[in-house]
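Colleague: These protein sequence lines are chains A and B, in that order.
If you're matching positions, the first sequence starts at 1 in the working numbering and goes up one per residue.
If you're matching positions, the second sequence starts at 1001 in the working numbering and goes up one per residue.
Think of the hints as simulated: they come from the structure by calculation, not from any bench.
Every value quoted in this text rests on a predicted model; they were computed, and no experiment measured them.
Idealized CB from N, CA, C, for every residue including glycine.
Careful: at least some of the hints might be erroneous.
[To be verified] No more than 30 Å apart at the CA atoms, straight line, and that leaves these computed lysine-lysine pairs for DSSO-like: (1) B:1121 with A:55; (2) B:1140 with B:1121; (3) A:55 with B:1140; (4) B:1121 with A:75; (5) B:1145 with A:55; (6) A:55 with A:75; (7) B:1145 with B:1121.
[What the hints assert, rightly or not] What the simulated footprint calls covered on chain B by chain A, stretch by stretch (three residues with Cβ under 8 Å from a Cβ of chain A suffice, anywhere in the stretch; the number is not a length): (8) 1048-1059; (9) 1062-1076.
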Amino acid sequence: MADLTLVYFAWVREAIGRDEEQVARPAPDVTIGALIATLAARGGGHGEAFARPEKLRAALDQRFVPLDSAIGEAKELAIFPPVTGG
Amino acid sequence: MSRVSIQAEDFDPAAELAALEASGGGGVASFTGIVRGEGGLVALELEHYPAMTTAQVERIVGQALDRWPLLGVRVIHRHGRLEPGERIVFVGTASRHRTAALEACAFLIDWLKSEAPFWKKEHFADRTQWVEARAEDDAKAESWKR
């Protein structure tokens, strides 16, 4: 199956230094939180962006979901801070 | 009868209100959000999630339509760099009676704040900072679920 596309916004994007990247697709039952912990272990910008998961929110295929959701067959995972529009 | 625009360009609230007034209802309510120039703010930069934003705002509008008998809904949310005094967001609602129009308008702006994928960055003369989400805004959106 194709890789998983990660997209980043706001300070998550700035810390990582890119707005999108591909990662090897995890098993379908791996949660977003578990993937974030794996990415944080890379250190550098990923370590900085993902140091405090409680400050992060996520969307799977353009739908908001909690971080304990399984990634399943989603094509795109977005990771970002809480939204501040309006 | 409902329309959502996510755009960089400014908009004309008078023209939007006139369109809502023509929807046949007895009342039109609206909210226009403006960039505040407090604390030496030079500009506000609004980032969003283009692949998601329109669909998500349409889902929020759909909830308002399910909940109130509305004849018209208009939502415009800008992105990009905005200076103090510029318009950021417009929500307009039309209904037969005032209560539905006023409540739906308040619901829409509260939900846009906590459920639409936008992020604000403040630019000052010597620094920038991402705006932090406020618990108070989440509580306002949450209060509509009661």
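Colleague: A separate judgement is required for each hint: does it hold in the structure or not?
Modeller: Against the structure, the hints:
1. B:1121 with A:55: holds, 16 Å
2. B:1140 with B:1121: Cα-Cα ~22 Å, so holds.
3. A:55 with B:1140: holds, 20 Å
4. B:1121 with A:75: Distance of about 28 Å is within 30 Å: holds.
5. B:1145 with A:55: Given pair residue 1145 of chain B, residue 55 of chain A holds - Cα atoms ~23 Å apart, limit 30 Å.
6. A:55 with A:75: Given pair residue 55 of chain A, residue 75 of chain A holds - Cα atoms ~23 Å apart, limit 30 Å.
7. B:1145 with B:1121: holds, 29 Å
8. 1048-1059: Satisfied; 6 residues make the cut.
9. 1062-1076: Result for this restraint: violated, n = 0.
Violated hint: 9 only; the structure is consistent with all others.
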